[in-house]
Structures are given as structure tokens and as C-alpha cells.
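> Chain by chain, the residues:
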Amino acid sequence: MRDEIRRIQELMEREAYVADPAIATSVHLALQLGKPLLVEGPAGVGKTEIAKVLARALDTELIRLQCYEGLDASTALYEWNYPKQLLRIKLEESAPGTVAEKEAAIFSEPFLLRRPLLEAITRERAPVLLIDEIDRADEEFEAFLLEVLSDFQVTIPEIGTIRATHRPHVVLTSNRTRDLSDALRRRCLYLWIDYPSFEKELRIVRTKVDGLDERLAAQITGFLQSLRRMGLSKAPGVAETLDWARALAALHAAHLDEALVRETLGCLIKDEGDLRRVQEELAAGRLTALAG
Amino acid sequence: MGTAPNAGGGPNRGAAGARSADLTSIVVAFARALRERGVPVTPAESADAVRALDAVDVRDRDEVRLALRAVLALRVEDYAVFDDVFAALFAAAADPGAPRVPRPRGAHASARAETEEALLARAAATPRPLSLAGWARPDAADDAEPLGIPAMSPHEALRRKDFSDFGAAELDEVTRVARRISRRLATRPSRRWKVVARGARVHMRRTLRQTLRTGGDPLVLAFRERKPRRNKLVLLCDVSGSMELYSRFLLQFLYAIQNAFARVETFVFATRLSRVTAELRGGPYAEALERLARSVQDWSGGTRIGACIAEFEAGWPRLVDRRTAVIVLSDGWDTGEPELLAGALARIRRRAGKLIWLNPLLGSPGYRPLTRGMQAALPHLDVFAPAHDLASLERLANIIGS
Numbered sequence: 000m001r002d003e004i005r006r007i008q009e010l011m012e013r014e015a016y017v018a019d020p021a022i023a024t025s026v027h028l029a030l031q032l033g034k035p036l037l038v039e040g041p042a043g044v045g046k047t048e049i050a051k052v053l054a055r056a057l058d059t060e061l062i063r064l065q066c067y068e069g070l071d072a073s074t075a076l077y078e079w080n081y082p083k084q085l086l087r088i089k090l091e092e093s094a095p096g097t098v099a100e101k102e103a104a105i106f107s108e109p110f111l112l113r114r115p116l117l118e119a120i121t122r123e124r125a126p127v128l129l130i131d132e133i134d135r136a137d138e139e140f141e142a143f144l145l146e147v148l149s150d151f152q153v154t155i156p157e158i159g160t161i162r163a164t165h166r167p168h169v170v171l172t173s174n175r176t177r178d179l180s181d182a183l184r185r186r187c188l189y190l191w192i193d194y195p196s197f198e199k200e201l202r203i204v205r206t207k208v209d210g211l212d213e214r215l216a217a218q219i220t221g222f223l224q225s226l227r228r229m230g231l232s233k234a235p236g237v238a239e240t241l242d243w244a245r246a247l248a249a250l251h252a253a254h255l256d257e258a259l260v261r262e263t264l265g266c267l268i269k270d271e272g273d274l275r276r277v278q279e280e281l282a283a284g285r286l287t288a289l290a291g
Numbered sequence: 000m001g002t003a004p005n006a007g008g009g010p011n012r013g014a015a016g017a018r019s020a021d022l023t024s025i026v027v028a029f030a031r032a033l034r035e036r037g038v039p040v041t042p043a044e045s046a047d048a049v050r051a052l053d054a055v056d057v058r059d060r061d062e063v064r065l066a067l068r069a070v071l072a073l074r075v076e077d078y079a080v081f082d083d084v085f086a087a088l089f090a091a092a093a094d095p096g097a098p099r100v101p102r103p104r105g106a107h108a109s110a111r112a113e114t115e116e117a118l119l120a121r122a123a124a125t126p127r128p129l130s131l132a133g134w135a136r137p138d139a140a141d142d143a144e145p146l147g148i149p150a151m152s153p154h155e156a157l158r159r160k161d162f163s164d165f166g167a168a169e170l171d172e173v174t175r176v177a178r179r180i181s182r183r184l185a186t187r188p189s190r191r192w193k194v195v196a197r198g199a200r201v202h203m204r205r206t207l208r209q210t211l212r213t214g215g216d217p218l219v220l221a222f223r224e225r226k227p228r229r230n231k232l233v234l235l236c237d238v239s240g241s242m243e244l245y246s247r248f249l250l251q252f253l254y255a256i257q258n259a260f261a262r263v264e265t266f267v268f269a270t271r272l273s274r275v276t277a278e279l280r281g282g283p284y285a286e287a288l289e290r291l292a293r294s295v296q297d298w299s300g301g302t303r304i305g306a307c308i309a310e311f312e313a314g315w316p317r318l319v320d321r322r323t324a325v326i327v328l329s330d331g332w333d334t335g336e337p338e339l340l341a342g343a344l345a346r347i348r349r350r351a352g353k354l355i356w357l358n359p360l361l362g363s364p365g366y367r368p369l370t371r372g373m374q375a376a377l378p379h380l381d382v383f384a385p386a387h388d389l390a391s392l393e394r395l396a397n398i399i400g401s
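Protein chains in written order, with numbering that gives the first Met the number 0: chain S, 0 to 291; chain F, 0 to 401.
Hints are computed from structural coordinates only; laboratory data are not their basis. Just to be clear, a hint being listed does not mean it is correct.
Computed cross-link-like contacts, DSS-like style, restricted to lysine-lysine with a CA-CA straight-line distance of at most 27 Å [what the hints assert, rightly or not]: (1) S:Lys83 / F:Lys193; (2) S:Lys199 / S:Lys269; (3) F:Lys353 / S:Lys269; (4) S:Lys83 / S:Lys101; (5) F:Lys353 / S:Lys233; (6) F:Lys353 / S:Lys101; (7) S:Lys233 / S:Lys269.
Next up, chain S with everything else stripped away, as it sits in the complex:
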């Protein structure tokens, strides 16, 4: 293994993120090649966490753009501060100067509201730019984003072109509610994060949750692994595992039993139909990891 990759792995682990070689290699390459990293996978496997941990590990700022349906270029890039502009116009009503001069004055930097994308390319030090849940934005927005990610420059008609002083380290995440375009994929390095293996999840639980009995940690992990095999409509992610483990730790539980699982199942299962199915399985004693 290349030393740089091991170092990234160590840096991320120091921030309490269990990075397997695939994650560490992808992050290393994203930094080396200067390409955005597109991370896909089910909800709750730690996609967003990569960007946060990376920012802390690089000791740089994290700028986050949360995507949603209807997100448009101006909300992501910049807007004009209209109230401030109006105020200035009123204040200088009788001041000398041509219309062109006044116009230039109010459409200048001090009246610009920088939104995440513009922020990210104008920082003194390259920040980590997290574009979260890009699949929730519209396709038009994806095309716009593609432009920004290709050139790392933004043209504001009234001011001119702003070029990135330092290219941000870009991490995009997607829960795959829709397929992203090939064009966007080609701009990025790609990483799929699946639900963790038993060993990896156990490590995550032990890294993140204090005061948990060894055997209980293994039982929790085993139970989650078997839940995910049930094909639930909303399978619990690692975030749910950790919630549950913390709850059990707070209850000073020593081991799992059916009653305890029933009482705390709400931490794990958020869908009513799923809840019913899991309870049936529990009653029938078909869920493993309770016996040991």
C-alpha cells in the first residue's frame, strides 16, 4: 500500500471514521488527480461523513451545498442583495452621477450574496465542497453544476468572470433516487459504498460508541446485518446502528434479548410496514444474533 493512502486512512480513522482501502484509495486519487469524488450508496452508510472527515483531516473549511428539488443556479451560486441595492438607490437619489455609474455601483461585489459554489471557488485556501444528495436536484441543475465543475469559474454579467483561486476538493453524494447523467459521472471519480460487512460495522460501533460491552457490540452488529438481509423497504443504515448502540449503552444493557429489542426497535425501523414484519420475525424467533 502506498504511504499516502495509508496516511489518509490514518487521518480519517483519527477523526473516528473507519475507512476501508476502497474509500482511502478513492479519496487519495481525488486529491491527486484533482477530480470531484462521486459517492453513491444506500442511505446511512457514511457518504456525507467522508466530506466532513476529509475537511477536518485536511484542516480546511467545509462548504456544503444541500440539494433539493427546485434548487436553482442563483441559490447555489450567488444572488444580488436587493434590499441593500434599493436602500443605496434611495440614499443616493440626489447624488450626482450618471445612471450607468450608479448601476455599476450597486451591481458590484459589496452587493453580492455569495452562495456555496461561489464561496467554494473564492476561498484563500482550498475548502472541501460537499454537494450533498445531488440526485434530489433537477437535471437542469446537474447540467449547470457540470459547467462549474469543469471550469471552476463563474461569470457574473455585471462583474465579469471569477476564476477559482484554489480548486476546492469536491465530494458529491447521491442516494440514487434518480440516475445521474453520464456527463457528470465522467467528470468524477466514482465510489460505491455498500452497507458495511460485519467486521467493518463492528469496528465502527466500537470506534464510535463508548461504554459498550464487547459481546453486546457483536450482537448489535449481527442483528443489524440480519435485518438488512430481510429486504425491508427502509433498511437501517450505519447511522441507525449507532443510534441504537448508544441507546443500549445508555440503558446499560449487557446483552440483547427479545424484550429489549422490542422496546428499542424504534431506533432502527422507521417504516410501519417494516416494523410489523420485524416484529413478526422476532415473535417467530427467526432473527439471528439473539441467541448468542
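Keeping the supplied structure of chain S fixed, place chain F upon it in accordance with the hints.
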């Protein structure tokens, strides 16, 4: 392709001219093998792959695999093919006698390619002569039935009622309703704005510019409104035996919509799925039916809704996005596994703007959607509505437009 600010040339570049040439030839062979297996690789990615190998320990087999995968396999569906090709190439590198390129297009070829191949193969097979032309003549006697397999649905008597006297005038009506639905689809507002002379929303930037000319008083307001949004429609129509009575009416509907509205994709299914967008498009209705009869093989057989919907979901993922309304027209009489249907519908619903199930039986008083298939489907639907007569189709126009 710009240079990254912190790529900085790579630590080994100077000393490794020869190695770099080796890496290039490996990457070129690898990219070719991937393309042969249906994973598209562009030269830009090949170039990145060489840079990526330069940035990892090339003696570490797993690290090489992960690095190449990050650059060349851009969706998780490509991972299996990638690993296959990687294993084959490395085996070849260890044993010069072995073929360098893995077997062509195997089980892992993309699902869409498989489906397309399957469709082509099916189209090439000898068509079962089956005339649907009678359906184009509304007065044709029902006993001239081209359909050999008996209906499976137990609601025979009820269904006869609402369609026994389906005349030519009604067929024209179907066309009219289809046009109305298409207009609805075409005129939904989008997220994008355009400047308009008069509207409900003020265009601030423009208004401010004009305000400057009047010394700060916003005398003239500029307006903006949403650009119309381009919606799409996917129709999945059950043409199995139990749907036979409705098929005549629904095919007319499919034909009318296909020709009134550009962004429609139409599929029919019974035990297998067929894409019939091209067959339905253009020409008179009778000709469209003839084209359909030639290309679709399993009219009025049994039903495997779950398998067919799953095939659609896996085979044509690009057809469904947030601006797509997916409409299933079926009585829900499935002989397959209900879980298969539920899973496929759940996946479609996650990607589609709207998932609508139109069930002709729902128009019959006393009908309850109790079949296993229908029960499995219900939790995943945005709209569950009847489609047994014109009034129900009229209502569909409003559902889609909302």
C-alpha cells in the same frame, strides 16, 4: 482536462518514463476489454487511469484494482464486469499463454443491452400470425375472437357490461381524451424562469435596473414566471387474457396518446414485456395494430406482471425520472410472485414523478382489489384509479395535471 492544483506532477514522473509507457499499454488493453463488455470508457478516462496508476503502488494488486475502478467504473452496476475483466487481465498477465481479453458479453452485460438483444431476437423469430385488425372496427363481432387463451379473471360478467356496446363514436372520444391528457402533460410549469410582460412574480434584478432610471422609485415592475416543464409519460399496458375486453379500448387509447404527444414510451406485457413505442407511432390505427401484431408475441396469454414490471425497471432505467408519470394499465391478476411486483414498483416510484395504476375492474361496483398482485402493488402507488370508461380517462387527465 485541467491539471489539478495539488497533483503537482506526481512524485515518480521524472524517473518513470518507461514505467509510464507500460502503464499506458495496460490501461489501453483494459479499457478495450471493458468496452467489449459494454462499459463505455473514453480516452479522457484512460488518461486519468494512467495518472491514477502513477499515484498508487502498482505492485499492490488490490490497490491497482481500486484505483482503476474509481476511474473507469462509474456506476455500481459496472463493478461486476469490472472485477471480471480485472481478474481476467491479471490472470493473463501472470500466464502469457492465456487469452488477454475475457469472454465477450456474458451474464454481466448491462441489463439494458440484454433486454434489447432479447427484443431483437424476439422480433427476428417467426411471428405468430394474429390479426388485431378486427379491433380497429368497433362493430366487429366479438365472436371473431383472435384470442385463444381463456380469461383468468373471475369478474367476467361484470366486465361485459361496461364494454359490450362500444361503438365508433366512443373510439373518437378516446382520441379526444388522449389529446386532452397530452396537453395537460405539456403545460406543467417548470423550475426555470422567463421574463414576461405581466405576471404574478416580480423579476427583482430587472426591476432594480429600471428603478435606477426613475431615481429610486420602482415605477415599472418587471415580471417573471415559470417556463413550462417538459414532462414524460411511460405507459405499461397489460394485454393478457384477463384484460382482453379492455385491451381493444386501451390500445386505442395508447395509440391516441402516442400520436398526440411526443414524449411517450409505450410497453405492452402479458408474460413478456415488449416496447411498442415505434409500432404505435404514425399511420392509421389499423396499420398500427398490424405492426403491433407482428412484433408482439404473447397476446392474451397468462400474466406475469411482476416479472414484466421488473424487466422494465431493470431494462430501461433511463426512461424514468422525476418528470415521468408511469402508468400501469392492468387488472392486477398476476400468477407470479407478489414480492417481485412490489419490489419493482417501489424502485420505480423512487425515481418517477408519479406512479399511477389504472385498473379497469375498479369501475365495477363491488370490485375489491384483493388479488395478491394488486395487494402487493397498492402500498407503492401514488394513484389507484379505474379505467373502464371514458369518464375515468377524463379524470386521469386531471390526476396527471395536478
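> It remains to establish, for every hint, whether it holds in the given structure.
Hint-by-hint comparison with the structure:
1. S:Lys83 / F:Lys193: This hinted pair holds, its Cα atoms lying about 24 Å apart.
2. S:Lys199 / S:Lys269: holds (24 Å)
3. F:Lys353 / S:Lys269: Roughly 23 Å separates the two Cα atoms, so the pair holds.
4. S:Lys83 / S:Lys101: holds (14 Å)
5. F:Lys353 / S:Lys233: holds (20 Å)
6. F:Lys353 / S:Lys101: violated (49 Å)
7. S:Lys233 / S:Lys269: Answer holds: lysine 233 of chain S to lysine 269 of chain S is near 7 Å, not above 27 Å.
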